[in-house]
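Residue numbers (this note's numbering), protein chains in the order written: chain U, 1 to 361; chain A, 1 to 361; chain L, 1 to 361; chain S, 1 to 361; chain V, 1 to 361.
Think of the hints as simulated: they come from the structure by calculation, not from any bench. Small disclaimer: the values here were computed from a predicted structure and weren't measured. For glycine and all other residues, C-beta sits at the position ideal for the given N, C-alpha and C. You may find that some hints are simply not true.
What the hints assert, rightly or not - No farther apart than 20 Å at their CA atoms in a straight line, the calculated lysine to aspartate or glutamate pairs in the EDC-like style are these: (1) K359/S x E215/U; (2) K108/L x E273/A; (3) K359/U x E299/A; (4) K358/A x E207/L; (5) K174/A x E249/A; (6) K230/S x E215/S; (7) K230/A x E202/U; (8) K356/V x E299/U; (9) K356/S x E215/V; (10) K296/V x E202/U; (11) K108/L x D188/A; (12) K46/S x E58/S; (13) K230/L x E220/L; (14) K358/A x E215/S; (15) K174/S x D43/S; (16) K64/V x E51/V; (17) K247/U x E240/A; (18) K296/S x E215/V; (19) K108/L x D128/A; (20) K296/L x E215/L; (21) K359/V x E299/U; (22) K174/A x E161/A; (23) K359/S x E299/V; (24) K296/S x E299/V; (25) K358/V x E207/U; (26) K296/V x E299/U; (27) K230/S x E280/L; (28) K225/L x E207/A; (29) K200/L x E227/S; (30) K200/A x E207/L.
Stated by the list, open to error - Have a look at the derived ranges for each label pair, beta carbon to beta carbon: (31) E88/A x R160/U: 23 to 31 Å; (32) N298/V x N216/A: 18 to 26 Å; (33) Q332/V x K356/A: 44 to 52 Å.
Unchecked claim - Some chain V residues flagged as far from chain S (calculated, every beta-carbon gap over 12 Å): (34) F37; (35) T45; (36) K46; (37) N62; (38) K64; (39) E161; (40) R256.
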Amino acid sequence: MIKRIKRKKTRTKEAQKYVGQIPGTLIYTGQKANKNFIVECFDYTKNNIQETALVNIEDAKNYKDTESVTWINVDGLTHIDKIQNIGEQYGLHPLVLEDIVNTTQRPKIDEYEDYIFVVLKMLYYDKDENIVIEQVSLVLGENYVITFQESEGDVFDTIRERLRLGNGRIRGLKSDYLMYALIDAVVDNYFSIIETLGNKIEDLETELFAGQARENTNIEVQQLKREILKVRRAIFPLREIINRIEKGEHSLIYQRTLTYYRDVYDHLIQVSENIDIYREMIWSLMDMYMTTISNKMNEVMKVLTIMSSIFIPLTFLAGIYGMNFEYIPELQYRYGYFVLLGVMLVMFVALLFYFKNKKWL
Amino acid sequence: MIKRIKRKKTRTKEAQKYVGQIPGTLIYTGQKANKNFIVECFDYTKNNIQETALVNIEDAKNYKDTESVTWINVDGLTHIDKIQNIGEQYGLHPLVLEDIVNTTQRPKIDEYEDYIFVVLKMLYYDKDENIVIEQVSLVLGENYVITFQESEGDVFDTIRERLRLGNGRIRGLKSDYLMYALIDAVVDNYFSIIETLGNKIEDLETELFAGQARENTNIEVQQLKREILKVRRAIFPLREIINRIEKGEHSLIYQRTLTYYRDVYDHLIQVSENIDIYREMIWSLMDMYMTTISNKMNEVMKVLTIMSSIFIPLTFLAGIYGMNFEYIPELQYRYGYFVLLGVMLVMFVALLFYFKNKKWL
Amino acid sequence: MIKRIKRKKTRTKEAQKYVGQIPGTLIYTGQKANKNFIVECFDYTKNNIQETALVNIEDAKNYKDTESVTWINVDGLTHIDKIQNIGEQYGLHPLVLEDIVNTTQRPKIDEYEDYIFVVLKMLYYDKDENIVIEQVSLVLGENYVITFQESEGDVFDTIRERLRLGNGRIRGLKSDYLMYALIDAVVDNYFSIIETLGNKIEDLETELFAGQARENTNIEVQQLKREILKVRRAIFPLREIINRIEKGEHSLIYQRTLTYYRDVYDHLIQVSENIDIYREMIWSLMDMYMTTISNKMNEVMKVLTIMSSIFIPLTFLAGIYGMNFEYIPELQYRYGYFVLLGVMLVMFVALLFYFKNKKWL
Amino acid sequence: MIKRIKRKKTRTKEAQKYVGQIPGTLIYTGQKANKNFIVECFDYTKNNIQETALVNIEDAKNYKDTESVTWINVDGLTHIDKIQNIGEQYGLHPLVLEDIVNTTQRPKIDEYEDYIFVVLKMLYYDKDENIVIEQVSLVLGENYVITFQESEGDVFDTIRERLRLGNGRIRGLKSDYLMYALIDAVVDNYFSIIETLGNKIEDLETELFAGQARENTNIEVQQLKREILKVRRAIFPLREIINRIEKGEHSLIYQRTLTYYRDVYDHLIQVSENIDIYREMIWSLMDMYMTTISNKMNEVMKVLTIMSSIFIPLTFLAGIYGMNFEYIPELQYRYGYFVLLGVMLVMFVALLFYFKNKKWL
Amino acid sequence: MIKRIKRKKTRTKEAQKYVGQIPGTLIYTGQKANKNFIVECFDYTKNNIQETALVNIEDAKNYKDTESVTWINVDGLTHIDKIQNIGEQYGLHPLVLEDIVNTTQRPKIDEYEDYIFVVLKMLYYDKDENIVIEQVSLVLGENYVITFQESEGDVFDTIRERLRLGNGRIRGLKSDYLMYALIDAVVDNYFSIIETLGNKIEDLETELFAGQARENTNIEVQQLKREILKVRRAIFPLREIINRIEKGEHSLIYQRTLTYYRDVYDHLIQVSENIDIYREMIWSLMDMYMTTISNKMNEVMKVLTIMSSIFIPLTFLAGIYGMNFEYIPELQYRYGYFVLLGVMLVMFVALLFYFKNKKWL
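This is chain U alone, in the form it adopts within the complex (with noise of 0.2 Å):
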């Protein structure tokens, strides 16, 4: 608990830092500082592949007006010289490299004449199983695509090996394609989230079925519903981007993609669904947290009105025969007592009987 809260204020120092800046100043705002600084490159034609590390950050523009299809993966945004060196190289609008480092951004997407520029949200599980976002940034051109990432480690490596084996369409087609896989990617990520959010919903409902109301039980509710709240944050605007590409609007789409983009579009609706589905059993597992406290609290009461009704009467009985009254007749009754004792007990199984009846026992 504690450490998130403190990222929180970490987060409002920088956007301080970042309010009545000039349009176009590049700040980084992610938690991923210090980071490594990788620009891996794919060039590729049908036959050939060509596979490196840039080192040099001013090799970038050699891919740019290329006949092969290029791919420039930047990993790590704290750099902000180089990757305001890259977007000089590649003629990206100041707004653009902006958008690319502020990583509070929302998924978004902006068409310039030659290029179309698209922000997303890749989601994974940490170590200690919450949920991390990590923005990534889409630059299409003609021939290239440059993906910007926060660090390292990503859900792209099978697509990195599909480029290197050339199976499938991916190597014959042009960037659009490459620009879809790369998003397909992400989208596909998205179902193991969800899953995994599933998972963690059903095995609170199955626990609070059997009536097993734990402490934090509702601390946990309240947590997966803050994750879902993330994730569709995350997830939603999404949508509205790929139906925006899948119009097919854009000169840098071609028609044989848009079928593609279309099946991401059917895979993102579907995400949504679920999200909003398991948004709804959230609501009820509340719910159902609530009753089973007062079920609780229902079995308590019965114990109490059950222990106090049988025997506060009695004691009132022992009371009476405990008085000292210097002429009490029953008192002196050889078997007073035992009378007594024999009334006490059809008392206690007559309350008892009642209470059965009642089905509180």
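Fit chains A, L, S and V to the known structure of chain U by using the hints.
Using the frame of chain U, we list chains A, L, S and V on its own:
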């Protein structure tokens, strides 16, 4: 309970396998493995009908370009190679084949140049009274309809019968009417599903109206809520699909069948409305349950309060005269004991009246 | 209660019969079997009117192509063959006939080339104060309106009267005005239905405002909720229907009657608004009921707490001096008993003041 | 309370009378019968103004076709024949006249060829602080505006004053500006209504924030909820009406007044927003009330628990030494009694600390 | 608390004054009376900048038709005559002037032929951590921007700095970019506002997660709810405004600045999304608080039940042997007392185990 959760985990594993695959890779994501693979084939004109069980998959292509209308029904989606084979014979897009075997697919329609691909969900109750959702994919071509189901057993028997007997319009019309008939059979079946749901809700409501809140009533309410969510999700997207067909822009759908599709659409709206009403009723059930619990607690509290409020003061009185002070004048009175008993009786009756007056008795 | 549920089950059975039938098969799905079959017929021009009870169904076609306007009203939907007969005489589509006898139909409009088919719901309270929904189907042709009702008794008597007397515009205008008049009569009747509903809500509210929560108050609230749902569902779709008529694109609706349809539309909006307000008020009633229960429980708890808190300490004191220690100095004091009684009185009064102060008394 | 319900029932009876009447039948549905019938008339140009009380209704038509702008204000809707008379002089549609006297009318606009008919609601608080809704109907013609009100007393005095004094633009512009001025006066008055509502809400909130939940707080909250519903319903439809006027498609509305109508529209949006905020705040009030009740019950329970938990064990101890066993060694000890008192004191203090520790004290 | 309510009443009085005034009458409705009236003026081209404090209002018109871009910033809205003076010099519509001084205005845009009028809200926290909303009105003309603020102190200092230093694009572009820069500064400031809100929510959440429900937690939650409502209402309408500017239909907004306005729009969407998420989180907080209270009550009940259930039966036993029957055999046994103590101990331990088993201990 346990079974469902286990099943869920299986699905997770399947889905994980699916992540990162090349688009167009066929992976069966359902739970009905090791089932038979059956292909039945109805080939008919107005006057003739021929019913065959296709043993050799390669024969499927014989029906493609004939004048007669052909319905090929495939049961069993685990035999991926055979499905791929049929797909190739009929020129289906790889993404279509992927969707056919991916049974977590949302109901959808994809319109291609020479065929229409529709995914919908068939619902039925299994023997444990759980709702089972089975995916049915339809491919409508010029002279054929191909249907893909996860397993044997479906709601199409009446259609088979009508085809064989040749009554009604079905034999005299084209493949678009056949597809309508198949969809109509699925939708008609939804009515019996939601009526079963409705009956379950009414039973619970009657129970709650009678003030009988069993311990697991809230669990049943939650399970109904989930069933409704499941059914909603399987049925609602279909409206949009039929709406698109009904707009009649695809050349495969003839003008004269549009009235029939509009009729299906009306039925779907009716089903959807019922589902939404049931949903609202279930939320009310939860409210009912909560008030029932509260009322019960009230009753418990009243018993406790009445018993305590009557006997605690009386016990106090008895305690007074059980004290051992040397000089307590009342104790010496000849009829002190009886006077006290009288006083106690008066108090007892007075308190009873008091509670009667408060309507607690 | 029991009766309603039974009725429901009957419906289920009917519906089951319906599933899987050939589209266009006529099956009556209502509960009003074995009723009479009555056909009344008004044939009128501006100057003449002729009122007949059609005994021979075949005579219906005589009115089809006359200059005069004809209103044929059919009561009783179980005589399917006769309805089919009328349908054939007037050239109605099989799906229209199916919708006429399927009384679970949602209000709808279907525009055919030479007639318009409208389904709506007539509402009234039966003698047990339950809302009954009866389906009325209208077919508007060039010179005729045919209405189909489930049973005798309707809201059209004022229209019959106006037709006979020839006052107002009705006799001078065409069949489209007749249909307007019929729909208007149905909609006007909605007002009295929702006013009865409104009165029921107000009564419950007054009761709850007075703090009187009877045991079955929540049941009544739930039943009102269901009634509202029922009424909503019967009325709301009609708005869309009138809206479509009002747009006036069908040649059977003349320009001059559009103002009247717009008036009906305004009335429907008003009814709908009232329904939504009542709905919100019912939700508030449930809240009211919950707080009333909570307040009552609070009151119960206070009585318990006051009684216990006053007498338990006093009983303890009495217990102290009931102990049998050989040496308890206070017991020997001459006025020990009276001093103790005084102390108890002081404690008693002090506690009373304490609770008075807390506003619990 | 009682009065409101009675009033309601009267309305029901009126409405019942209304059902089934010939469209265009004039029935006054308000509660302000037996009021005076007053017709005042302002006839003005830029330079002259003439103010008359029309005694003879027939004189109304004199103003119809003059060059000067005329405002005819009619107070009292029970004199149906006179209203019909005016309607005929100005050529109003029967449905318009029906709407004028039907005060349960929803705010609406009807555009006829040579006049515009607007119905809106004037709100004010009566002397019992209840919101009263009075219907105002406006008919805007080429050179005249006719207003119909249920009774004397309105928000138009400032406009009368401005007409008499001739300051501002009002005398120099046409009838469309006059209608604007009248509507603006009504809308301006809404602000003071919702501010009174706002103050009521704030007062209740302050009370609840201070933890003072009076017994009828929830009743007041419910009544506020109903007032908001009432006001919402009277005001919200007006937005759409002004919006339609502002679109300026009717030739009676001149280009130069559109800015003014847009201004009214902005005011209405502001009022609507406030209403929605107040509505949300009222729902929060109910929540506040519920938690206040729960907190109070918690407090009651704590007192009970503390008193019981302290004295019940002590009483038990006293009970032990009140037993009459022949051999209880402690009873013979010289200072047994004082030792026991000491033990009890220690227990008492220990329990106090325990509860203090739990923050229950 | 008291202060806020008083302030509110003042506003009511102001508003009352406002009702019924001639449209276009200038009335200042804010709370910042008696403030200074300051007019500062920046007049700049790409190469020069001149900063003046306008003492003589009449000088304002000198800047109207120059080539250079002029920013006139007016602080203090109580000097209505002076504002009217400026308005006349720049040809502003009377309704515009009315809106400038009416600070209860909703954010809005009015497009006139040669200027655009925008009203928006500047938010900041005052020293008591309350959110203050200050209205800022902007008038954008061909070569000028005039801003009107209620009082000194704003978020525009960075813009003043950038103007003076001439870095960034601002000096080289037209007045439409200046307006963008001003709006952007206001929107950027929203981020810090909502982050403060977010921190408050997180603090409360952490507290509730730790189970610490202070007595006034619900009051704080309610106040947060109100703050969110306030902020929502100030910010949300701005989206629509920027959207309208971005559509770029007004000739005063040049093509090249549209990208910047779109960027502001994206920021606003992000702020709005955060607000909606916070809102949902606050509702969850209330739920959390309710469950925390319920859990506490459960705990209290358990203590009561355990204490009562253990000691009431034991007290009964002691009562039995405190009775004064002449013949109670157990009393004569030598070790009767010790045996009974043993029995009591066993009961005590058994009950402890019972409650342990139920997880109440």
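Each hint, compared with the structure:
no. : hint                        : verdict
1   : K359/S x E215/U             : holds, 19 Å
2   : K108/L x E273/A             : holds, 14 Å
3   : K359/U x E299/A             : holds, 12 Å
4   : K358/A x E207/L             : holds, 17 Å
5   : K174/A x E249/A             : holds, 17 Å
6   : K230/S x E215/S             : violated, 25 Å
7   : K230/A x E202/U             : holds, 15 Å
8   : K356/V x E299/U             : holds, 15 Å
9   : K356/S x E215/V             : holds, 16 Å
10  : K296/V x E202/U             : violated, 27 Å
11  : K108/L x D188/A             : holds, 18 Å
12  : K46/S x E58/S               : violated, 26 Å
13  : K230/L x E220/L             : holds, 15 Å
14  : K358/A x E215/S             : holds, 17 Å
15  : K174/S x D43/S              : holds, 12 Å
16  : K64/V x E51/V               : holds, 16 Å
17  : K247/U x E240/A             : holds, 19 Å
18  : K296/S x E215/V             : holds, 11 Å
19  : K108/L x D128/A             : violated, 38 Å
20  : K296/L x E215/L             : holds, 12 Å
21  : K359/V x E299/U             : holds, 12 Å
22  : K174/A x E161/A             : holds, 17 Å
23  : K359/S x E299/V             : holds, 12 Å
24  : K296/S x E299/V             : holds, 16 Å
25  : K358/V x E207/U             : holds, 17 Å
26  : K296/V x E299/U             : holds, 16 Å
27  : K230/S x E280/L             : holds, 12 Å
28  : K225/L x E207/A             : holds, 17 Å
29  : K200/L x E227/S             : holds, 19 Å
30  : K200/A x E207/L             : violated, 32 Å
31  : E88/A x R160/U: 23 to 31 Å  : holds, 30 Å
32  : N298/V x N216/A: 18 to 26 Å : holds, 21 Å
33  : Q332/V x K356/A: 44 to 52 Å : holds, 46 Å
34  : F37                         : holds, 26 Å
35  : T45                         : holds, 34 Å
36  : K46                         : holds, 37 Å
37  : N62                         : holds, 29 Å
38  : K64                         : holds, 22 Å
39  : E161                        : holds, 35 Å
40  : R256                        : holds, 30 Å
In this structure, the hints that do not hold are numbers 6, 10, 12, 19 and 30, in rising order.
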